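A.B. asks: Residue numbers (the numbering used here), protein chains in the order written: chain A, 46 to 230; chain B, 46 to 230; chain C, 46 to 230.
Since the hints were derived computationally from the structure, they do not count as laboratory data. Be a bit skeptical, because a hint or two may be false.
Pairs count within a copy or across copies, as identical chains cannot be separated in the list.
List time: in silico DSBU-like cross-link candidates among lysine-lysine, alpha-carbon distance up to 35 Å [unchecked claim]:
| # | residue 1 | residue 2 |
| --- | --- | --- |
| 1 | Lys173 | Lys119 |
| 2 | Lys173 | Lys219 |
| 3 | Lys123 | Lys90 |
| 4 | Lys114 | Lys181 |
| 5 | Lys124 | Lys150 |
| 6 | Lys166 | Lys150 |
| 7 | Lys163 | Lys119 |
| 8 | Lys170 | Lys90 |
| 9 | Lys119 | Lys150 |
| 10 | Lys166 | Lys209 |
| 11 | Lys121 | Lys90 |
| 12 | Lys124 | Lys219 |
| 13 | Lys123 | Lys173 |
| 14 | Lys163 | Lys124 |
| 15 | Lys123 | Lys209 |
| 16 | Lys121 | Lys209 |
| 17 | Lys219 | Lys181 |
For clarity, every value in this text was computed on a predicted model and none was experimentally measured.
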Amino acid sequence: MELPYNVVIVTGVPGVGKTTICRRISGTLGYEYVNYGDLMLSIAKSRDLASTDIEMFSLDMETQHEIWKSTALKIKEKKNVLVDLHGVDQSLIGYIISLPVEIIKPDIIFVIESLEDKILKQRNKDTKIRIVDNIKSLKEHMGILRNTMAICSVLFACNLVIMKNDDLEECLNKMENILNNSNTA
Amino acid sequence: MELPYNVVIVTGVPGVGKTTICRRISGTLGYEYVNYGDLMLSIAKSRDLASTDIEMFSLDMETQHEIWKSTALKIKEKKNVLVDLHGVDQSLIGYIISLPVEIIKPDIIFVIESLEDKILKQRNKDTKIRIVDNIKSLKEHMGILRNTMAICSVLFACNLVIMKNDDLEECLNKMENILNNSNTA
Amino acid sequence: MELPYNVVIVTGVPGVGKTTICRRISGTLGYEYVNYGDLMLSIAKSRDLASTDIEMFSLDMETQHEIWKSTALKIKEKKNVLVDLHGVDQSLIGYIISLPVEIIKPDIIFVIESLEDKILKQRNKDTKIRIVDNIKSLKEHMGILRNTMAICSVLFACNLVIMKNDDLEECLNKMENILNNSNTA
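Please work from the sequences and hints to get the whole structure.
C.D. replies: Below, the structure is given as structure tokens:
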């Protein structure tokens, strides 16, 4: 069966459950799963620049930007790909879009959202997430992500789906229906 | 008298009272009223593709997109036009911008808003509106519309007016003042 | 020491405390401070078009637009500049972006925010601010500004910083850290 979308972008703040969703969906439907951060790290490794995330994010900004761009170019060559990325990165110097809009043209963009409480609890369990957030700063981050993806959906005239991950199975069902069939409008 | 704007875009979610406002305003001021959906249907009819809205929206996506584009090209030829459209369409596969930004360049964009309660009541009366919404999903839709039109206003460096339709006569008065005279900044 | 940013844009609604912050920050760090409105007025004066703000904003729209554009071109020639402007202007005909995105390319954008109460109190003290706002309309204005600057940050792929001016010294400290060192990500 032919898949209706070539480039599926799935975004969400850390701890929202994005990666679990992406892996299950791409496994079921036949999209190639790409985790943007993992691909960045494997490129950094292949160039002997870093062997862990922490090492990679300690590189100077120009080198990080170069790796980020190479990752985008690698994804651009793929077909029926589902890209798992934050969408907007948060750091001490503010928010910055992490979707490489100059290189990758999405056909559909998902923003996965969930209750702030649930996200913060999930982060406590995950030692990989190092961002310190409270409910207020998390709300701000989620608002900026939603706006930024709305902007991208306008720039590319592509679909924007706001997806609640309150119940995982329900969320997976909805995404499957959308990604299986483009003609359900 | 010369009208200050060439292309006026009026957007709002279904049930907000957009069409009533647009018809009265354009009648009073001398703008040509265009309902985007109605023009789409008349084009579909002229090509023997559909005779009702339901038939048109059941056509395959490519054909719908073609009709949508032809409609935009037709509007582009007009002068002092007031275009009544949703701005953002909501479907099972998410939100998508319905303003054809590649073809039509707005001079001013209105976003008509109202209380969620009032909109839902209005929809119950109108058998043409088939979207099932609750207060929460309606709030989301209105937020996405406002953001999307803010984005368009930045892209075109045009005015963005957020207009409350809580009292119809008051709303009409405000719009008349704006659309009569461009120099009230 | 080399400064990490060439063009710093600082936006905020009237009364948020933007100018105090901008003057102190640029003095401390060595960025050239430019107040967009003041530069516009000095250009208007040099052309014998207006001698006060009120006179300038009473000029016809085309002349105002020309002054606004000339101001942007003048700023474009500068280096390590910190530009203080509203970001979005509010008038009887709605909101319009005041950042000249076609001419100035920002490297980082700040949105200064504060509690609505605090802003309205500050406006009462400042006779230069002539906008009549209540808490609701102020919230709307701040939301539109935040969205519009998020849009600009996407268009330029530059950093967006939402900065709370609840405590002036804390706010200055945070901005100093960001504007001193680009590598704190």
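A.B. asks: Hint by hint, say whether it matches the structure.
C.D. replies: Hints, one by one, checked against the model:
In the homo-oligomer, the alpha carbons of Lys173 and Lys119 lie at most 35 Å apart inside one protomer (25 Å), although the nearest pairing across protomers, at 47 Å, exceeds that limit. With identical chains, the CA atoms of Lys173 and Lys219 are at most 35 Å apart both within one copy (28 Å) and between copies (26 Å). Taking identical chains as interchangeable, the C-alpha atoms of Lys123 and Lys90 lie at most 35 Å apart only when both belong to the same chain, with a minimum of 21 Å there against 40 Å between chains. When the C-alpha separation of Lys114 and Lys181 is checked against a cutoff of 35 Å, the pair qualifies only within one copy, where the shortest distance is 32 Å, while the shortest distance between copies is 38 Å.
In this homomeric assembly, Lys124 and Lys150 come within 35 Å of each other (Cα to Cα) both inside a single copy, at 12 Å, and across copies, at 34 Å. Proximity of Lys166 to Lys150 under the C-alpha cut-off of 35 Å is restricted to the intra-copy arrangement: shortest distance 34 Å within a copy versus 40 Å between copies. Taking identical chains as interchangeable, the C-alpha atoms of Lys163 and Lys119 lie at most 35 Å apart only when both belong to the same chain, with a minimum of 34 Å there against 50 Å between chains. Taking CA atoms no more than 35 Å apart as the test, Lys170 paired with Lys90 passes inside one copy only; the shortest distance there is 27 Å, against 59 Å between copies.
In the homo-oligomer, the alpha carbons of Lys119 and Lys150 lie at most 35 Å apart both inside one protomer (13 Å) and across protomers (28 Å), since each shortest distance falls under that limit. With identical chains, the CA atoms of Lys166 and Lys209 are at most 35 Å apart both within one copy (17 Å) and between copies (26 Å). In this homomeric assembly, Lys121 and Lys90 come within 35 Å of each other (Cα to Cα) only inside a single copy, at 20 Å, whereas the closest approach across copies is 40 Å. For the identical chains of this complex, Lys124 and Lys219 are intra-copy neighbours only, at 22 Å inside a copy versus 43 Å across copies, given an alpha-carbon limit of 35 Å.
For the identical chains of this complex, Lys123 and Lys173 are intra-copy neighbours only, at 28 Å inside a copy versus 42 Å across copies, given an alpha-carbon limit of 35 Å. When the C-alpha separation of Lys163 and Lys124 is checked against a cutoff of 35 Å, the pair qualifies only within one copy, where the shortest distance is 34 Å, while the shortest distance between copies is 46 Å. For the identical chains of this complex, Lys123 and Lys209 are intra-copy neighbours only, at 28 Å inside a copy versus 42 Å across copies, given an alpha-carbon limit of 35 Å. With identical chains, the CA atoms of Lys121 and Lys209 are at most 35 Å apart within one copy only, with a shortest distance of 28 Å there and 38 Å across copies.
For a Cα distance limit of 35 Å, the shortest separation of Lys219 from Lys181 qualifies both inside one copy, at 29 Å, and across copies, at 18 Å.
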